[in-house]
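Residue strings, one per chain:
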Amino acid sequence: MAGVMGKTAKGSEPIGSGKPFDEMNGFDGECREAYRALKDWLEETPTDLLDQRKLEAEALFRRSGITFAVYGDKDAEERLIPYDLIPRVLSGAEWNRLSEGLTQRVQAINALIVDLYSKAEILKAGIIPEELIYANPAFRPEMIGIAIPGNVPVPIAGIDIVRVDADDFYVLEDNARTPSGVSYMLDNREVTHLLFPDLLGRNRVQPVERYADELLAVLESLKPVNSSGDTTIVVLTPGSYNSAFYEHSFLADKLGVELVEGRDLFVRDDILYMRTTQGPKRVDVVYRRVDDDFLDPLTFRPDSMLGVPGLFSCYRAGTVTLANAVGTGISDDKAIYSYMPEIVRFYTGADPLLHNVPTWRCREPEALAYVLDHLGELVVKEVHGSGGYGMLVGPASTQAERAAFSEKLKKQPDNFIAQPTLALSTCPTYVDGCIAPRHVDLRPFVLTGASGTRIVPGGLTRVALREGSLVVNSSQGGGTKDTWVLEE
Amino acid sequence: MHLKLQHTTRYTYETPVRGVVQMLRLTPRPYDGLHVVRWRIDVDHDATLKPSEDSFGNIVHSFCAEGPLDALTVTVEGEVLTEDTSGILHGTQERLPLGLYLRQTPLTTADRTIADFARDAADGRDRLDALHALMAALSDRMTFDVDVTHVHTTADEAFADAKGVCQDFAHIFIAAARSLKFPARYVSGYMRQSDGREHYEAGHGWAEVHVPGVGWIGFDPTNAICATDAYIRVAIGLDYLDASPVRGVRTGGAHETLDVSIQVQHGASQQ
Amino acid sequence: MMLASTANDLFWMSRYVERAESIARILGAARRISDVPQVIGGETNEWTSALAAAGQLHAFTATGRAPDEESVFAYLAFDEANPSSIKSCVAMARQNARSVRPALTTETWEAINSAYLEFRDIERAGGSRRQRQDFLRWVLDVSLRVSGTAFRNMLRDERYWFTRLGFYIERADNTARILDVKYHLLLPEHADIGGSLDYYQWAAILRSVSALTAYHWVYRQALKPWLIADLLILREEMPRSLASCYDNITTFLDELALAYGRQGPAQRAARATHSRLANTRTDDVFKQGLHEFLSDFLAENNRLGTAIAEQYNLI
Chain A
2 MAGVMGKTAK GSEPIGSGKP FDEMNGFDGE CREAYRALKD WLEETPTDLL DQRKLEAEAL
62 FRRSGITFAV YGDKDAEERL IPYDLIPRVL SGAEWNRLSE GLTQRVQAIN ALIVDLYSKA
122 EILKAGIIPE ELIYANPAFR PEMIGIAIPG NVPVPIAGID IVRVDADDFY VLEDNARTPS
182 GVSYMLDNRE VTHLLFPDLL GRNRVQPVER YADELLAVLE SLKPVNSSGD TTIVVLTPGS
242 YNSAFYEHSF LADKLGVELV EGRDLFVRDD ILYMRTTQGP KRVDVVYRRV DDDFLDPLTF
302 RPDSMLGVPG LFSCYRAGTV TLANAVGTGI SDDKAIYSYM PEIVRFYTGA DPLLHNVPTW
362 RCREPEALAY VLDHLGELVV KEVHGSGGYG MLVGPASTQA ERAAFSEKLK KQPDNFIAQP
422 TLALSTCPTY VDGCIAPRHV DLRPFVLTGA SGTRIVPGGL TRVALREGSL VVNSSQGGGT
482 KDTWVLEE
Chain B
2 MHLKLQHTTR YTYETPVRGV VQMLRLTPRP YDGLHVVRWR IDVDHDATLK PSEDSFGNIV
62 HSFCAEGPLD ALTVTVEGEV LTEDTSGILH GTQERLPLGL YLRQTPLTTA DRTIADFARD
122 AADGRDRLDA LHALMAALSD RMTFDVDVTH VHTTADEAFA DAKGVCQDFA HIFIAAARSL
182 KFPARYVSGY MRQSDGREHY EAGHGWAEVH VPGVGWIGFD PTNAICATDA YIRVAIGLDY
242 LDASPVRGVR TGGAHETLDV SIQVQHGASQ Q
Chain C
102 MMLASTANDL FWMSRYVERA ESIARILGAA RRISDVPQVI GGETNEWTSA LAAAGQLHAF
162 TATGRAPDEE SVFAYLAFDE ANPSSIKSCV AMARQNARSV RPALTTETWE AINSAYLEFR
222 DIERAGGSRR QRQDFLRWVL DVSLRVSGTA FRNMLRDERY WFTRLGFYIE RADNTARILD
282 VKYHLLLPEH ADIGGSLDYY QWAAILRSVS ALTAYHWVYR QALKPWLIAD LLILREEMPR
342 SLASCYDNIT TFLDELALAY GRQGPAQRAA RATHSRLANT RTDDVFKQGL HEFLSDFLAE
402 NNRLGTAIAE QYNLI
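Quick note, the sequences are listed as chains A, B and C, same order.
For the first sequence, the working numbering begins at 2 and goes up steadily by one.
For the second sequence, the working numbering begins at 2 and goes up steadily by one.
For the third sequence, the working numbering begins at 102 and goes up steadily by one.
Just so you know, the hints here were simulated from the structure itself, not pulled from any lab data.
Among the hints, a few may not be true.
Only pairs whose alpha carbons sit at most 20 Å apart, straight line, appear in this in silico EDC-like list of lysine to aspartate or glutamate [said to hold, decoys possible]: (1) B/K182 x A/E132; (2) C/K283 x C/D136; (3) A/K282 x C/D136; (4) A/K412 x B/D112; (5) B/K182 x A/E489; (6) A/K282 x C/E208; (7) B/K51 x A/E143; (8) A/K412 x A/D433; (9) A/K282 x B/E67; (10) A/K40 x A/E383; (11) B/K51 x A/D270; (12) A/K40 x A/D29; (13) A/K412 x B/E67; (14) A/K125 x B/E95; (15) B/K182 x B/D112; (16) B/K182 x A/E31; (17) A/K409 x B/D112; (18) A/K40 x A/E365; (19) B/K182 x A/E365; (20) A/K255 x C/E208; (21) A/K411 x B/D117; (22) A/K20 x A/D168; (23) B/K51 x B/D33; (24) A/K255 x C/E211; (25) A/K411 x B/E199; (26) B/K51 x A/D271; (27) C/K283 x C/D180; (28) A/K120 x B/E95.
Note that the structure is a prediction, hence the values are computed from the model and not measured.
Chain A with its partners taken away, still in its complex shape:
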């Protein structure tokens, strides 16, 4: 596939050359330092062993029920996310740079959300146009004026990162709503341990296992203003039919807290309780994996059966912490994304360490005209969309698709942004009996508590298994890899 030129955040050099950057072999085919041990191992390991391990891994995932439900696909009620045997490797130095950038960005996101729901200084300063915030359904007026515990509305963030060369990391998407996938980060490591016990040791890989402890500490540090004495934490799931139920159950287990559904909870006099075999037990912190709309039928969607009537009143009254807070999805919006460099500067006073992909806001007439002229080169995305749906990948599209899309664009330009097609980096991937380069992205999980931001070294690497494909979303057939960060 052809990478397409575009302006970078820094200046005018192109993002990615025609040939994608391979994280093992670079541009020129010479093995990069971090991959050396892995490459040796790949060369000495016969493919039939890899085949056998692949089968073992699948059996393991299926037996332990590590599955993912796909909406609208009845036959595949519970599907495995394909796991690729070959880990993705980052050097310690690369990670340190990335980690600093992530910390900065997530601190800015937290500051942005606190500000938007209180003084809205950033709007007064004219950095973001007011209507982009206020007309946005992800912005929740119900949150205005509420004291957010610890001033941390986004304790758990997942930032999607891509790279196009050896030096630069680009943020593709911010996920401040309810980012998922962390169970795969931990399970993939576990599987590597089981299948290739010697390999990890040989490579001095930093552990990811302490994620649950870090998360627990973060949640405990954000207990509500009017909390009970001891902090009781629960994980709130929409239920076992939800596509990410496995992860919810996994997290509750690792955190050592109860996994609850809406029906397990109830509210009396602005206090949240769970129903136990010994009567009501007060709850202080809810790590909720239920969307804003469904959290409380008395405040949000009245037809929701998944939430808890009165939960949001508890939040207002400061008797319970919601992690993440309501209305954090505003920063996931792709139109807001385009302002992220300015947002980072506004709140941290420093230049952003991570790049933003240059973005044309189709709501601006000149940008729209450019996008319509260059549809064949660009990726056009819906501003509120996620999961890779509703987007046009220009270079992979047909004339008819582009024609249809340009009608949509003209009808609702506000609804779209466009970006250059990035030549995402590739990693060696085991497909159909051979090792071939496939495009990847990375979602590290960034935790922020009352006393700062922590990132477990690693993340979820998603890989587009089809040759040349840039769509890594699990809902569209992407796979995952174990992600190694080496000791320095």
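Got chain A sorted already, so can you dock chains B and C onto it with the hints?
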């Protein structure tokens, strides 16, 4: 005007319910045009009525009644003094940014037909004139009909049918005003009809639109007038859902029947 | 302290696994009798009895199918529309288990999850008699694995106790139902008129609760109907007897009461049933009428399930 209100809502359940949780927006917040003499809410069941506020500044009471219940009655009794200010509001609590009231909600989305209608009605007129023209056009176009729509009917659906109740009139007016870039919001409350009728089967809903240089103005598209001293303004929101007098959830039970009786009277001492 | 819905899921998970096992045993016993030559077999339809023992006779009749081996097997083993089929039981047990996965040990979860996954393959394998036989054995094996992993690995706390309570309440229900379907064969006056058919029937009853060998160990004599009733109702040493089930139920309810520092209607009801079983002799049972005795017991057992649900907020 001195107005006395009595509002009784009675729920009857064919099979007893296990519990009822409700959130009531049934208490007006005073402003220059409305003085609350006395106001009381009551639930005929052991439950604490807990007062609080939402982000719009509405006064909210929530309660939780534990069953089994086969009936439940919520009573509101109050007395207010109102003033006619030609619909212009002074002294209201404004907690949310004006820009927020330009937002479309699922109930108040202006589709192409509403947007065109608004533009044609306004026909290049200036601010207030545009809104009055819009209200008149809407009133011509729509027929009041209690049998066509329900609480979830959206503005564009009601507009397509050209029929509806006060909620639909208000939603369409709000959607249309926002499409003309006027901040607009929904108001729930009560009104006393000019025919002197005292008994009503439902509360009332109308709209408020913000006009630069003037402020918020109450428009009642159902009656094609600006809000007067015959109106008791209780709660506001982006649409009916935010300002809804009652939002509730019940557990268990089946076949809820609802009886509403509302009485709006002139006070004994007329002003 | 545990989530009430967790307790509920654990309780029903065990009930469904035990129910699947019980249906498998009933089907196995019915097969055996239907193999008996017609000369001895007479007119009785074992498949109708199997449906009755599984509590599914009415539901099956409503489908309009003929109660032959083929269709009864299909209905009790594989029919998704039948909420008590083995397939439905396995699916529901797995659904319960999935909801409370953190409360289970990995081994127990994997035992249930693998059963659920294997079920599809087994079903696809088809329905020769031989394969059905293998299938029934497989069901018993699944039940054994689930029970065994729980017994060996679960922490002895409320999670374990609720799991066991569901198990024993279901088991008591099944034993009582199997006896009740065949009660007329166990009446003492029947012993004189009983021919070879009765012998097969008695053996089948014992087999369906896995007690044929136990019978011989306990009584060291030929099959006698009243001894069969004695064994399956009153003998505490017989693991599927009503007395044994209630011995266990009271034990686990007492554990709960002790841990929670409070006892209630469930403990009192269970103890009452337990001591009544301990103080009853076979003669008393027959004097009251075996059928009446079993009907009363089934109702009581059912009430206990409700009392536990109410007392512990299982909803």
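Hints and how they fare:
Using a Cα cut-off of 20 Å, the hinted pair B/K182 and A/E132 holds, with the two alpha carbons roughly 11 Å apart. With a C-alpha separation of about 18 Å, the suggested pair C/K283 and C/D136 falls inside the 20 Å cut-off, and the hint holds. Straight-line distance between C-alpha atoms of A/K282 and C/D136 comes to about 58 Å, which puts the hinted pair past the 20 Å bound. For the hint pairing A/K412 with B/D112, the CA-to-CA distance comes to about 12 Å; that is within 20 Å, so the pair holds.
Distance check on the hinted pair: B/K182 and A/E489 sit about 57 Å apart at the alpha-carbon level, beyond 20 Å; violated. Only pairs whose Cα atoms come within 20 Å are accepted, and A/K282 paired with C/E208 is rejected, the gap being roughly 30 Å. A hinted pair counts as satisfied when its Cα atoms are at most 20 Å apart, and B/K51 with A/E143 qualifies at roughly 18 Å. Taking the CA atoms of A/K412 and A/D433, the gap is near 43 Å; set against the 20 Å cutoff, the hint is violated.
A distance of roughly 18 Å separates the Cα atoms of A/K282 and B/E67; the hinted pair therefore holds under the 20 Å criterion. Distance hint between A/K40 and A/E383 is unfulfilled; the C-alpha atoms sit about 39 Å from each other, more than 20 Å. For the hint pairing B/K51 with A/D270, the CA-to-CA distance comes to about 7 Å; that is within 20 Å, so the pair holds. At roughly 16 Å between alpha-carbon atoms, A/K40 and A/D29 fall within 20 Å of each other, so this suggested pair holds.
Between A/K412 and B/E67 the CA atoms are separated by roughly 51 Å; this puts the pair beyond 20 Å, and the hint is violated. Restraint check for A/K125 and B/E95: satisfied, since their Cα atoms lie roughly 17 Å apart, inside the 20 Å limit. The straight-line distance between the Cα atoms of B/K182 and B/D112 is roughly 14 Å, inside the 20 Å bound, and the hint therefore holds. Our distance criterion of 20 Å between C-alpha atoms is broken by B/K182 and A/E31, whose separation comes to about 59 Å.
With a CA separation close to 15 Å, the supplied pair A/K409 and B/D112 stays within the 20 Å bound. With a C-alpha separation of about 48 Å, the suggested pairing of A/K40 with A/E365 is violated against the 20 Å cut-off. A threshold of 20 Å between alpha carbons decides the hint, and for B/K182 with A/E365 the separation of about 18 Å falls inside it, so the pair holds. Distance hint between A/K255 and C/E208 is fulfilled; the C-alpha atoms sit about 17 Å from each other, no more than 20 Å.
Straight-line distance between C-alpha atoms of A/K411 and B/D117 comes to about 18 Å, which keeps the hinted pair within the 20 Å bound. A threshold of 20 Å between alpha carbons decides the hint, and for A/K20 with A/D168 the separation of about 16 Å falls inside it, so the pair holds. A distance of roughly 26 Å separates the Cα atoms of B/K51 and B/D33; the hinted pair therefore is violated under the 20 Å criterion. With a CA separation close to 18 Å, the supplied pair A/K255 and C/E211 stays within the 20 Å bound.
Pair hint A/K411 plus B/E199 does not hold up; C-alpha atoms about 53 Å apart against a cutoff of 20 Å. Only pairs whose Cα atoms come within 20 Å are accepted, and B/K51 paired with A/D271 is accepted, the gap being roughly 9 Å. Our distance criterion of 20 Å between C-alpha atoms is broken by C/K283 and C/D180, whose separation comes to about 25 Å. As the CA atoms of A/K120 and B/E95 are separated by approximately 14 Å, the hinted pair is consistent with the 20 Å bound.
Taken one by one, the earlier hints fail for this structure at numbers 3, 5, 6, 8, 10, 13, 16, 18, 23, 25, 27, listed in ascending order.
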